[in-house]
Amino acid sequence: MAEYIEIKMATSHETVHDMRTERLAQLSEPQEYFLEEQAVKSKPFMILEEGTMTGYALIADGNILVEFCCSETEVFPRRDLLEHVVRELKIKKAFCQSFDHNLLSAALLLKPKVDATGILFRKFDAFKYWNTAPKGLEYAAAGKQDYDMIRGINEGFFSSDGEIRGLIARGELIAFYSNKRLIGCGIMQQAVPGTNAYDIGMMVDPVFRRQGYGAYIAYRTASQCIAAGHRPVCGCGIDNTASLKALENAGFISRHLLLELKF
457 MAEYIEIKMA TSHETVHDMR TERLAQLSEP QEYFLEEQAV KSKPFMILEE GTMTGYALIA
517 DGNILVEFCC SETEVFPRRD LLEHVVRELK IKKAFCQSFD HNLLSAALLL KPKVDATGIL
577 FRKFDAFKYW NTAPKGLEYA AAGKQDYDMI RGINEGFFSS DGEIRGLIAR GELIAFYSNK
637 RLIGCGIMQQ AVPGTNAYDI GMMVDPVFRR QGYGAYIAYR TASQCIAAGH RPVCGCGIDN
697 TASLKALENA GFISRHLLLE LKF
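Once you know that position 208 of the sequence shown is 664 in our numbering, the rest is easy, because the numbers rise by one and skip nothing.
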């Protein structure tokens with residue numbers, strides 16, 4: 457079948473938009489925000505069979521496969537299509553959510569080296585949060601007056617000052633104070649445009665870490681998300697034991713992984 461397969465760069469993301477929308481809808485769980493960020497900045501490629509587009513691939517800098525999708529046929533999974541993409545585009549590795557069966561099934565047939573790099577939380581149970589709210593802790597949507605203090609405790613959590621300003625402007629940042637001192641903040645931002653899945657994040661001033669604030673901030677932010685009619689989801693690095701513990705204590709439950717596949 458390989459002689460009929462052609463990989464062509466698309467003129468824009470709009471070319472693969474409909475197929476991508478269908479793929480996102482077919483995933484059993486919402487796409488991870490980290491991957492969505494990568495997807496937006498990636499290069500789109502069309503997978504053509506006898507001139508007809510039957511799939512697409514999104515490739516990030518460093519020849520990293522971020523998304524792969526193909527139309528389901530009687531021949532599934534489409535190892536041949538993925539193998540062609542990997543070879544033609546010189547793919548070094550791919551990010552794959554464990555619930556992305558389209559990519560995972562085809563990729564495993566190519567026998568890549570597989571590493572689990574992230575924990576994906578797609579279930580939240582507020583009743584699992586057993587602790588009481590830290591004394592004297594108050595919270596509210598962050599405003600311009602909070603910017604300098606948030607910037608002051610940022611140690612690489614936010615990639616830029618512009619990101620902080622954007623989150624404040626969109627009402628996606630919650631500031632938590634105790635005795636007028638900023639303890640930390642919660643982030644609630646749409647994981648994928650057009651969905652009700654919102655990615656939850658939390659940052660705590662290094663001075664106040666390991667005191668239960670992180671779990672409470674994550675719990676309260678997720679609860680606010682639900683109150684607004686959204687679905688809270690989140691993820692963290694598999695080696696980030698502090699965040700993992702805080703998210704689990706907040707009520708998040710994981711059944712899924714972010715995998716790194718090296719070809």
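Treat the hints as calculated values from the structure; they're not laboratory data. Be aware that a few hints might be false.
To be verified - Straight-line Cα separation of at most 20 Å, EDC-like style, residue types lysine to aspartate or glutamate; simulated pairs:
hint, residue 1, residue 2
1, K464, E539
2, K567, D602
3, K584, E544
4, K569, D695
5, K546, D517
6, K549, D536
7, K497, E528
Stated by the list, open to error - Quick list of simulated restraints, FRET-style, between CB atoms:
hint, residue 1, residue 2, range
8, G507, G650, 49 to 55 Å
9, G592, E478, 16 to 22 Å
10, A684, R637, 36 to 42 Å
11, S468, R535, 37 to 43 Å
12, P662, S615, 14 to 20 Å
13, K600, I694, 34 to 40 Å
14, S484, K718, 23 to 29 Å
15, L593, A684, 16 to 22 Å
16, T697, K567, 18 to 24 Å
17, E478, A572, 25 to 31 Å
18, G592, G622, 27 to 33 Å
A quick note: this is a predicted structure, and the numbers were derived from the prediction, not measured. Just so you know, even glycine gets a beta-carbon here, dropped at the ideal spot from N, CA and C.
Against the structure, the hints come out as follows:
1. K464 <-> E539: Judged against 20 Å, a Cα distance of about 15 Å means the pair holds.
2. K567 <-> D602: violated, 50 Å
3. K584 <-> E544: violated, 48 Å
4. K569 <-> D695: holds, 19 Å
5. K546 <-> D517: holds, 12 Å
6. K549 <-> D536: holds, 17 Å
7. K497 <-> E528: violated, 26 Å
8. G507 <-> G650: 49 to 55 Å: About 30 Å separates the Cβ atoms of G507 and G650, which means 49 to 55 Å is violated.
9. G592 <-> E478: 16 to 22 Å: Distance hint for G592, E478 is violated at roughly 49 Å.
10. A684 <-> R637: 36 to 42 Å: Since A684 and R637 have Cβ atoms about 27 Å apart, the given range 36 to 42 Å is violated.
11. S468 <-> R535: 37 to 43 Å: violated, 28 Å
12. P662 <-> S615: 14 to 20 Å: holds, 18 Å
13. K600 <-> I694: 34 to 40 Å: Given range 34 to 40 Å: holds, Cβ gap about 36 Å.
14. S484 <-> K718: 23 to 29 Å: holds, 25 Å
15. L593 <-> A684: 16 to 22 Å: holds, 20 Å
16. T697 <-> K567: 18 to 24 Å: violated, 30 Å
17. E478 <-> A572: 25 to 31 Å: Holds, at about 27 Å.
18. G592 <-> G622: 27 to 33 Å: holds, 30 Å
Hints 2, 3, 7, 8, 9, 10, 11, 16 from the list above are not met by this structure, while the remaining hints are.
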